[in-house]
Amino acid sequence: MADYSLIIIGGGLSGLAAGIRFARFGGSVLILEKHAIPGGLNSYYYRKGFLLETGLHAMTNFAGPGEKRAPLNRLFRQLKLSRQEFVTREQYSSLIYFQGNNTLSFSNDFALLREEIACRFPGERDGFEKLLAIVDAYDPFTPKKWVSTRTVLGRYLHDPLLTDMLLLPLMVYGNSEEHDMDFSQFVIMFRSIYQEGFFRPGATMKDFLSLLVDKFISFGGEIRYNSKVESVALRDGKACGVVLAGGETISCDAVVSTIGAPGTFELLALPRQEEKYAGRMSFVESIYILPRQARETVRIDNTIIFYCLADRFDYGRPREAVDPSWGVICFPEHFVGIPPADYFQIRITHAANYDLWKKASALDYKAMKEEWGAKSRRITSKIIGNYQQNIVYEDSFTPVTIEKYTAKAQGAVYGSPVKVKDGITPCGNLFIAGTDQGFLGIVGAMLSGVSIVNQHILKAIDH
Amino acid sequence: MTRGEIKDVILEIIADIDEDADMADLKADEPLRDQLDLDSMDFLDIVMELRKRYKLQIPEADYPELATLTSCVNYLEPKLKGL
Ligand SMILES: Cc1cc2nc3c(=O)[nH]c(=O)nc-3n(C[C@H](O)[C@H](O)[C@H](O)COP(=O)(O)OP(=O)(O)OC[C@H]3O[C@@H](n4cnc5c(N)ncnc54)[C@H](O)[C@@H]3O)c2cc1C
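Line by line, the protein sequences give chains W and D.
Heads up: the first sequence runs through residues 1 to 463, numbered per the numbering used here.
Heads up: the second sequence runs through residues 1001 to 1083, numbered per the numbering used here.
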């Protein structure tokens, strides 16, 4: 008999959700995580006594506890977590801010965005309503041929400015492709951001991860940290175990890999196929910490601001190391019901060029961080006011940091533009879940883990 | 197991799956899915829970047999005889 029925590679959100799902019904399961703590892209660390969250701006897919069909609540039921006991803090509102003082506000009440569009783009009102009807009727989960979102939007909206404005939040929070977006992914993101909305857990990401890990362990699951999987052991073309760095082999009946397509292929001794599966969208992110008194000098009325100061919004890998002409400014504590603390954060995200960061020498890398950080602060100060002089601590990460900590090829946060939607690989009992399966973001990654285990493991394995 | 016991097991499993389930008004001959507003992912949980508790293998083709409370009991009665 194998050591475990299921081994899950990666203790990020998709791996933890997959683990809970399988352990819940008594299956023996081991999660192997190469780092010392769980969370992957969405983890945490301590600097100077501050608990910093690596990934969290906001969770998407807000839904109140009573809305049973809502993805968030389905997820909680699947993981046997109590939605009633889970405290959520909703966003105030968010702002899409484009050159020429063009703005659109949205909140967790979809009516606001509708009104904003009717008021600022009166000529587009009917088109937008028609687009909504299409979105509402669309099933984005059954695999379909790729459909250009820009083409579909172009049919209903005439002003390219409105198209760009609507696309910015949806792309930056969940598009692995450059320039355009598959319409199914557009529909998923439209619902999860505009129609459902932003929130954060009442407690920290660290607490949220503990909730997941504790649930997993309470069902009898096991998790090992500092355990990097180096290869998958094969017998007759099927996975029969994994080999850890250091040589230990652990046997199993099936494997779920959450480390992305290129990394998974490598474990199977197949070509990484980076040309096909490495995403090109990566980001730099800066986290600034300011004392409470500085709140007065910063315009914090929105939870998140999505801005673009270029003529057109171009979602793509920039030619230079960073493209500060558009980005995201997030106030991660500015959610309804979170009392002001002694310090607050500002997080700023821009698209970045992996190659340029990767090939920089250690010295250049540091200088580039400073140079681009300064440019970013100058531009974003125009939008939220001058916050620079009040920064007491700052930290930043680049595509190289993301690659190093999560093994996402080329630091592509949203993974491959080519998704393995059914999770199936050339190895019959090894499945891909998480980012490269297709669902993105925190809620998406967890849903991916759940659905891959449901589809391929629970329905198939007898124990 | 008697029909009554099987019914109680199903109700208990549903209550366990869905903390908001309103069991009081449940009609035995109407689809559970519509009454409880559950989806196919929740349905899989009923199957998995039966497997965990009674080592019952329910093939996917048989899932429709679990549509209502009464059809669940009918389907499970012979399988849970002697338990
Ligand atoms: C800066 C940033 C901000 C973000 N902000 C948000 C946000 O505000 N809201 C939101 O919803 N989403 C956000 N995201 C996206 C979200 O974090 C991810 O979509 C999600 O966490 C992906 O989960 P995953 O399980 O698919 O992948 P990962 O988190 O990458 O998990 C993979 C895990 O596998 C481990 N691993 C890799 N190789 C091996 C190996 N060989 N052996 C063992 N373990 C291995 C890694 O260490 C990692 O823990 C953000 C991401 C970033 C980077």
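Incorrect hints may appear among the rest.
[Unchecked claim] With a Cα cut of at most 30 Å, we get these calculated DSS-like pairs of lysine-lysine:
1. D:K1055 to W:K130
2. W:K68 to D:K1081
3. D:K1052 to W:K369
4. W:K421 to W:K276
5. W:K238 to D:K1027
6. W:K358 to D:K1027
7. D:K1052 to W:K215
Please keep in mind that the hints were generated in silico from the structure rather than gathered at the bench.
To see whether the hints hold, each was checked on the structure:
1. D:K1055 to W:K130: violated, 51 Å
2. W:K68 to D:K1081: violated, 34 Å
3. D:K1052 to W:K369: violated, 54 Å
4. W:K421 to W:K276: The hint holds at about 15 Å.
5. W:K238 to D:K1027: violated, 47 Å
6. W:K358 to D:K1027: violated, 63 Å
7. D:K1052 to W:K215: Given that 30 Å is the threshold and the Cα spacing comes to 18 Å, the pair holds.
When each numbered hint is compared with the structure, violations occur for hints 1, 2, 3, 5 and 6.
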